[in-house]
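Engineer: Starting from the known structure of chain A, fit chain B onto it as the hints suggest.
Listed below are the residues making up each chain.
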Amino acid sequence: MQELLGRLTSLDPDASASLKVIAYFDALVAGDVRVEALVRAAALLSGTVAGVESPQQCLRVAPDGGPAADAGSSAGWPGVNVSPDERVWIERSGHAHANDAMVLERFALAVGVLRTRRRSVTDDPVQLVIDVTRSEQERAAAATRLRLGNGQLRVVATPPAVHPTGPSTLIATAHGVVRATIVAGTDSMADHAPAGIGGPGDTMRLPASWSDALLALRLTDADHPRVDAAVLGVLLPAVRAIESEASRHPDVATLSTLDVRSAHTLAVLVEADSVRAAAGALGMHHSSLQARHEALGRELGYDPRSPLGRARYQLAALLLRLDRH
Amino acid sequence: MTDTLTSSRPPFDPELEAALSALAGMIPPTITREMIAPMREAPMLSVTEEILLEAGIEARDVTIPGHEGDEIVVTVLQSIGRTGTGPGIYHTHGGGMIIGDRWTGAAALFDWIVQYNAVAVSVEYRLAPEFPDPYPVEDCYAGLVWTAENAASLGIDPDRLLIVGGSAGGGLAAGVALLARDRSGPALCGQLLMYPMIDDRDETVSTVQIDGVGVWDRGSNVTGWDALLGDRRGTDAVSIYAAPARARDLSGLPPAFIDCGSAEVFRDEDVAYASTIWACGGEAELHVWPGGFHAFEGFAPQAALSRAMIAARNDWVRRILGS
Chain A
1 MQELLGRLTS LDPDASASLK VIAYFDALVA GDVRVEALVR AAALLSGTVA GVESPQQCLR
61 VAPDGGPAAD AGSSAGWPGV NVSPDERVWI ERSGHAHAND AMVLERFALA VGVLRTRRRS
121 VTDDPVQLVI DVTRSEQERA AAATRLRLGN GQLRVVATPP AVHPTGPSTL IATAHGVVRA
181 TIVAGTDSMA DHAPAGIGGP GDTMRLPASW SDALLALRLT DADHPRVDAA VLGVLLPAVR
241 AIESEASRHP DVATLSTLDV RSAHTLAVLV EADSVRAAAG ALGMHHSSLQ ARHEALGREL
301 GYDPRSPLGR ARYQLAALLL RLDRH
Chain B
1 MTDTLTSSRP PFDPELEAAL SALAGMIPPT ITREMIAPMR EAPMLSVTEE ILLEAGIEAR
61 DVTIPGHEGD EIVVTVLQSI GRTGTGPGIY HTHGGGMIIG DRWTGAAALF DWIVQYNAVA
121 VSVEYRLAPE FPDPYPVEDC YAGLVWTAEN AASLGIDPDR LLIVGGSAGG GLAAGVALLA
181 RDRSGPALCG QLLMYPMIDD RDETVSTVQI DGVGVWDRGS NVTGWDALLG DRRGTDAVSI
241 YAAPARARDL SGLPPAFIDC GSAEVFRDED VAYASTIWAC GGEAELHVWP GGFHAFEGFA
301 PQAALSRAMI AARNDWVRRI LGS
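Same order as they appear, the protein sequences are chains A and B.
Here full-length UniProt numbering is used: the first residue of the first sequence is 1, the next is one more, and so on.
Here full-length UniProt numbering is used: the first residue of the second sequence is 1, the next is one more, and so on.
Bound-form chain A, shown alone (with noise of 0.2 Å):
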């Protein structure tokens, strides 16, 4: 019969056929279909190979339906960003055809879409396992949906540029956008920046993780690109706790004041072991540190290198990072 009524077929390169572009990506949205007819779609229309790129998958289809033959990816290719870390492209060699852009446009409306409604029903199985709100049988299905297993696991937050190696998703914080991903093992993490890393546990416990984890990213400045809570430990849930009140307290008004120079000399005193010790880190001189830090204790109204101090500074430091993230 398709021999005798038509076929539907790549377009003309020539003409402009946005009519049927438009009627084809609406009625596969109208039927709620998955990304990968979306991407068919794309291949068919245009003629050539097209994808979809995230951090989740990348696939490509030939204008035949089936899988493209050889490996790719999207670079170099014209496309559209369907969101920060979500691109889809065709891969026209030469001249763009008439109807290209079109094609574009609707397939990354599609994908945006469709990512908008399935965001929406929370079938996300990494969104599942690290929410607190969820039953614990909820978590666990989800659990073992990412096949996460029984070792110690860590879920970190990032930027959404920026992704670690595990399973991943994007969610809507307070404080913007993140990507929470679960890691396993000891990943150091040394590749990744700016990262807050959770404490470790088993899934359970994930929810825990992805809560510190957040805080320890809100905690990260340039001269601490990564903050893991394990190290923080009693730090962070104090942190947490008097977060609300902190820009009012008078030590972390006082530590605002200082000036990027007295900051950094004050930092480095504090971590030192011995005023010499800082003055040798510092490349000042040890009397003129030493007069440093006493103008700096009358400034802040404790020594920051008694026990206490160094106690009071700390976490006066750990709200300010947050104040001014």
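Note that these hints are calculated values from the structure, not bench results.
Note that the structure is predicted; figures quoted are calculated from it, not measured.
Please note: incorrect hints may appear among the correct ones.
[Said to hold, decoys possible] These stretches of chain B come out as covered by chain A in the derived footprint (C-beta under 8 Å, 3 or more residues):
| hint | segment |
| --- | --- |
| 1 | 148–160 |
| 2 | 297–308 |
[As the list claims (entries may be wrong)] In silico negatives: residues of chain A with every beta carbon more than 12 Å from chain B:
| hint | residue |
| --- | --- |
| 3 | V21 |
| 4 | L38 |
| 5 | G94 |
| 6 | Q137 |
| 7 | T220 |
| 8 | A230 |
| 9 | R240 |
| 10 | D251 |
| 11 | A277 |
| 12 | R292 |
[What the hints assert, rightly or not] Across the chosen pairs, the derived CB separations fall in these ranges:
| hint | chain 1 | residue 1 | chain 2 | residue 2 | range |
| --- | --- | --- | --- | --- | --- |
| 13 | A | G66 | B | T83 | 26 to 36 Å |
| 14 | A | G76 | B | G84 | 43 to 53 Å |
| 15 | A | D64 | B | E50 | 12 to 22 Å |
| 16 | A | E36 | B | A279 | 36 to 46 Å |
| 17 | A | A101 | B | S153 | 31 to 41 Å |
| 18 | A | E36 | B | I80 | 31 to 41 Å |
| 19 | A | A101 | B | A272 | 48 to 58 Å |
| 20 | B | E149 | A | G94 | 48 to 58 Å |
| 21 | A | G94 | B | R183 | 58 to 68 Å |
| 22 | B | E50 | A | P160 | 44 to 54 Å |
| 23 | B | E41 | A | A101 | 50 to 60 Å |
| 24 | B | G69 | A | R34 | 50 to 60 Å |
| 25 | A | D123 | B | A312 | 25 to 35 Å |
| 26 | A | D64 | B | M26 | 18 to 28 Å |
The C-beta atom is built at its ideal place from N, Cα and C for all residues, glycine as well.
Structural biologist: Frame of chain A; chain B shown alone:
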């Protein structure tokens, strides 16, 4: 059957629906008798020399005796420079009994011709309404007889002769298989019936459901059967060879492969045909593709459902023809 529970139909598969909406205007849901002549004249997406060459296929026409000895043409298709013997594929084309020619749907055979070193014979049977029943099915049977009688010179292994047809061609293939059984004619190793058109009676649930929508709807189907059978349509004067759904005894037939979509007119008659084959102790493989309209794999071959449909056929053909 009943007209109270059939107000809705299965939804079309989203990818197929998308293809349908993009093809809107090109496919009239209902084909009427007045449309037969213009549809025959319209240019068809037919097989060209280039397509044949690209597929590695050579073709030649042979004039043979059809029904009552009248001359008809068959096209013999094989790999370019083929040698040896292999299976035979006898093809009866689709087109509602009223349109199409021996090239309609023939491209679906190319892979099998190459893969199995097969020879295909596609028959130019005469069309209704100018040539009503029994011309189409008898021309098709005559072509099968010619193919079997010339098996040796064609390089066909007579034990591996498969009949293949889609839509009206599926109905004709089923009718020819019944004729071959009842006349002790050529032996067939299988019958591949793609969404076959086999019931003239217009009384299934699926024909009521697919009315004014999709491809080859109820109205088109009535147009086709009226052209083939005239006043006899729906009466007791219709043979099982014209409308195989009327056959009660489907024993003694070669293994059948039957497929169709859940959203097409032929769904219920095709499912019933498979059921009757099983009831009679025969073998049939049945696939009902969810959300499929008539001949959907031809209109949207890239769709996931189309690819699955074609893969299922290929798999069955491999079991029938493969060594």
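Engineer: It remains to establish, for every hint, whether it holds in the given structure.
Structural biologist: Comparing the hints with the structure gives:
1. 148–160: n = 0 at 8 Å, threshold three: violated.
2. 297–308: That given contact holds, which follows from 9 residues of the segment 297–308 of chain B lying within Cβ reach (below 8 Å) of chain A.
3. V21: Violated, since 8 Å does not exceed 12 Å.
4. L38: Answer for L38 of chain A: violated, closest chain B Cβ roughly 10 Å.
5. G94: holds, 22 Å
6. Q137: holds, 31 Å
7. T220: holds, 44 Å
8. A230: About 46 Å separates A230 of chain A from the closest Cβ of chain B, which puts it past 12 Å; holds.
9. R240: holds, 46 Å
10. D251: Per Cβ check, D251 of chain A is outside 12 Å of chain B; nearest 61 Å; holds.
11. A277: holds, 68 Å
12. R292: holds, 71 Å
13. A:G66 with B:T83: 26 to 36 Å: Cβ of G66 of chain A to Cβ of T83 of chain B: about 32 Å, so the range 26 to 36 Å holds.
14. A:G76 with B:G84: 43 to 53 Å: Hint holds: Cβ distance 48 Å, inside 43 to 53 Å.
15. A:D64 with B:E50: 12 to 22 Å: holds, 18 Å
16. A:E36 with B:A279: 36 to 46 Å: holds, 40 Å
17. A:A101 with B:S153: 31 to 41 Å: violated, 57 Å
18. A:E36 with B:I80: 31 to 41 Å: holds, 37 Å
19. A:A101 with B:A272: 48 to 58 Å: holds, 50 Å
20. B:E149 with A:G94: 48 to 58 Å: holds, 54 Å
21. A:G94 with B:R183: 58 to 68 Å: holds, 59 Å
22. B:E50 with A:P160: 44 to 54 Å: Given range 44 to 54 Å: holds, Cβ gap about 49 Å.
23. B:E41 with A:A101: 50 to 60 Å: violated, 37 Å
24. B:G69 with A:R34: 50 to 60 Å: holds, 57 Å
25. A:D123 with B:A312: 25 to 35 Å: Between D123 of chain A and A312 of chain B, where Cβ atoms are some 29 Å apart, the hint holds.
26. A:D64 with B:M26: 18 to 28 Å: holds, 21 Å
Consistency note: the structure conflicts with the earlier hints numbered 1, 3, 4, 17 and 23.
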